[in-house]
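Participant: Generate the whole structure from the sequences, applying the supplied hints.
Quick note, the sequences are listed as chains A and B, same order.
So the first sequence is numbered by the working numbering: it starts at 28 and just counts up by one.
So the second sequence is numbered by the working numbering: it starts at 433 and just counts up by one.
The hints are simulated quantities; they were obtained by calculation from the structure and are not laboratory data.
From the three backbone atoms N, C-alpha and C, an ideal C-beta is built for every residue, glycine too.
Heads up, a few of these hints could be off.
[Claimed, not checked] Estimated spans, in silico, between C-beta atoms of each pair:
| id | chain 1 | residue 1 | chain 2 | residue 2 | range |
| --- | --- | --- | --- | --- | --- |
| 1 | B | L469 | A | D62 | 30 to 38 Å |
| 2 | A | A335 | B | L444 | 16 to 24 Å |
| 3 | B | G467 | A | S58 | 36 to 44 Å |
| 4 | A | R188 | B | W490 | 46 to 54 Å |
| 5 | B | L448 | A | V499 | 17 to 25 Å |
| 6 | A | W54 | B | L444 | 40 to 48 Å |
| 7 | B | L448 | A | W408 | 43 to 51 Å |
| 8 | A | G242 | B | W482 | 41 to 49 Å |
| 9 | A | V234 | B | W482 | 19 to 27 Å |
[What the hints assert, rightly or not] Stretches of chain A that chain B covers, calculated by requiring three or more beta carbons in the stretch to come under 8 Å of a beta carbon on chain B:
| id | region |
| --- | --- |
| 10 | 111-124 |
| 11 | 296-304 |
| 12 | 400-414 |
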Amino acid sequence: MMQGLPLAPWSLGFVAVYLFSLLAIGWFARSRRRDDTLGDYYLGGRTMGLWVLMLTLFATQYSGNALFGFTGQAYRVGFTWLSILHSMIAVVAGYLLFAPQLYRLSKQQQFVTPSDYIDFRFPSRALGVLVVLCLSVVLINYVLAQLKVMGHIVEGLSGGRVDAVWGVVALALIMLVYSSLGGLRSVAWTDAIQGAMMLAGFVLIAVIVQRDMGGWVAAFTELREVAPEKLQPPTGRAAITWFSTVILIGVGASVYPQAIQRIYAARSAATLQKSLAGMAVLPLFAVVVVLALGFVAIARYPGLEGSAADQVMALIMRDLLATGWLGHAVVTLLLSAILAALMSTADSALLALSSIFAKDVYRKYLRPDASDSACTRAGQWLAWGVLGILIWISTLEDLTLYRLFVLKFEILLQIAPAFYLGINFTSLSSRSILLGLCAGLTTAIVGWSAGSMPLGLHPGTLGLMANVLVVVASHYVLPPAQPAAGRGEGLP
Amino acid sequence: MSQHLKSRGRWLLLVLITVFIGVPWYWPGDRALEGWLIPAWAWVALGAAWLLSMLVVWGAMRGWPDEDADG
Numbered sequence: 028m029m030q031g032l033p034l035a036p037w038s039l040g041f042v043a044v045y046l047f048s049l050l051a052i053g054w055f056a057r058s059r060r061r062d063d064t065l066g067d068y069y070l071g072g073r074t075m076g077l078w079v080l081m082l083t084l085f086a087t088q089y090s091g092n093a094l095f096g097f098t099g100q101a102y103r104v105g106f107t108w109l110s111i112l113h114s115m116i117a118v119v120a121g122y123l124l125f126a127p128q129l130y131r132l133s134k135q136q137q138f139v140t141p142s143d144y145i146d147f148r149f150p151s152r153a154l155g156v157l158v159v160l161c162l163s164v165v166l167i168n169y170v171l172a173q174l175k176v177m178g179h180i181v182e183g184l185s186g187g188r189v190d191a192v193w194g195v196v197a198l199a200l201i202m203l204v205y206s207s208l209g210g211l212r213s214v215a216w217t218d219a220i221q222g223a224m225m226l227a228g229f230v231l232i233a234v235i236v237q238r239d240m241g242g243w244v245a246a247f248t249e250l251r252e253v254a255p256e257k258l259q260p261p262t263g264r265a266a267i268t269w270f271s272t273v274i275l276i277g278v279g280a281s282v283y284p285q286a287i288q289r290i291y292a293a294r295s296a297a298t299l300q301k302s303l304a305g306m307a308v309l310p311l312f313a314v315v316v317v318l319a320l321g322f323v324a325i326a327r328y329p330g331l332e333g334s335a336a337d338q339v340m341a342l343i344m345r346d347l348l349a350t351g352w353l354g355h356a357v358v359t360l361l362l363s364a365i366l367a368a369l370m371s372t373a374d375s376a377l378l379a380l381s382s383i384f385a386k387d388v389y390r391k392y393l394r395p396d397a398s399d400s401a402c403t404r405a406g407q408w409l410a411w412g413v414l415g416i417l418i419w420i421s422t423l424e425d426l427t428l429y430r431l432f433v434l435k436f437e438i439l440l441q442i443a444p445a446f447y448l449g450i451n452f453t454s455l456s457s458r459s460i461l462l463g464l465c466a467g468l469t470t471a472i473v474g475w476s477a478g479s480m481p482l483g484l485h486p487g488t489l490g491l492m493a494n495v496l497v498v499v500a501s502h503y504v505l506p507p508a509q510p511a512a513g514r515g516e517g518l519p
Numbered sequence: 433m434s435q436h437l438k439s440r441g442r443w444l445l446l447v448l449i450t451v452f453i454g455v456p457w458y459w460p461g462d463r464a465l466e467g468w469l470i471p472a473w474a475w476v477a478l479g480a481a482w483l484l485s486m487l488v489v490w491g492a493m494r495g496w497p498d499e500d501a502d503g
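Facilitator: Structure representation (structure tokens):
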């Protein structure tokens with residue numbers, strides 16, 4: 028993906044120092060731990076403040092996918108990919124439909140994992156197991172996508188001297204050490220730093236394109252002459268795909284397990300409110316710059332097909348380097364932020380996976396009497412093992428970034444009704460949600476395997492439609508289910 | 433709870449309308465590429481995104497349940 032960049036030694040030195048400083052952050056986060064509870068390790072003691080929460084939510088949503096996948100897709104499909112801007116704002120709109128109630132419940136019930144809410148609201152063993160399986164598949168997919176990009180970047184940074192596999196191993200080691208030391212505190216603090224660096228990089232990149240690379244007006248004028256077909260509005264099937272993308276990403280990304288845990292980790296409802304408000308504004312800048320870069324690249328670097336289009340950001344960086352010291356500084360900043368973003372996104376997912384294993388598998392099924400610290404250790408061991416396997420797999424797969432990005436949403440989307448409908452419709456039973464989840468997963472997986480998009484709808488969106496339809500039908504048609512005693516069915 | 437749902441229902445309606453405005457299904461094909469710098473329909477989509485963002489900010493800042501209320 029990323030060809031060798033002619034970086035100066037001081038640039039490489041900065042990137043190296045930055046990466047190792049993450050270890051210091053991990054060490055500092057460890058010193059701030061209050062106790063050995065799962066809540067302290069996996070949720071940072073539920074004390075996350077406004078800026079850290081907003082930037083860690085930002086970093087969770089925008090990673091290697093945002094820079095490489097989004098620019099690549101903008102290059103491939105043109106202006107119809109503007110739908111991603113609406114999608115990223117829709118993510119925050121989605122949060123607002125369940126996060127306020129979920130946050131309140133999490134405080135009262137001391138939730139740690141997304142499954143804790145499911146178990147509380149829908150006390151069904153079958154549903155709980157299925158949700159854990161789905162979340163695990165999604166999180167593994169998420170980590171895998173980040174690892175693939177990490178390897179390519181290290182290979183590019185070193186001019187091919189360091190093999191992608193060894194690059195991934197080195198970065199994964201740094202990532203595991205700092206996240207093991209401080210849990211969510213480390214991850215959120217590193218997220219906040221890289222999120223701020225990435226935003227600064229976007230500002231500077233927009234300035235440099237205007238100042239040193241011919242300007243935005245000239246770039247878009249050239250685009251209109253060279254590739255007018257990429258400027259066409261979506262019509263027919265493409266228009267439905269636009270709508271389907273907003274649903275797929277808007278609803279799917281709002282129930283990322285690691286994002287749900289950040290809702291739990293907020294210091295107060297007011298902190299969460301303000302963070303979400305900030306999150307609604309950030310796409311207007313971050314996504315617009317990324318899309319604009321992908322669009323102007325259509326005319327600047329013609330002829331890239333398929334997964335080769337994911338190289339667009341690397342090509343832009345190469346041109347930025349040629350503009351002088353400021354360009355060099357921006358590329359250095361962006362590369363550091365991108366690497367940190369990939370690592371923090373991967374370790375957020377890994378931390379979520381670890382927490383699910385510790386609380387929803389290890390304590391529930393393997394050692395019900397295990398202490399919190401024993402559960403945390405079990406989760407950490409799982410994280411190390413899973414990461415080792417995924418590093419190996421990352422060298423085998425050959426999917427484009429966007430395909431990896433979509434695949435996880437197909438599954439994640441089917442969990443959404445348990446949150447959206449479960450929070451807002453108090454009489455929904457576990458049975459309805461379970462039947463809907465089965466119908467949704469079947470539709471989405473069959474559709475994805477067939478590789479088809481009937482009427483322009485993604486398989487995940489079709490699955491969600493089937494899911495909701497079955498939930499509603501079973502709720503009204505089937506006789507009332509026997510309520511489970513003593514838990515949250517029928518809440519709030 | 434029910435009051436909270438009602439207040440969110442109002443802005444949800446607005447959000448959905450805005451999302452649909454951003455979907456340029458209706459844009460006349462022969463005029464789609466007019467517009468300064470980028471096509472007119474893309475300006476409409478960007479404007480709709482801005483509006484959507486402002487609505488979400490508004491929605492985020494109001495109608496939250498009491499943190500300490502009984503579940």
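Participant: Which of the listed hints are not met by the structure?
Facilitator: Violated: hints 1, 2, 3, 8 and 12.
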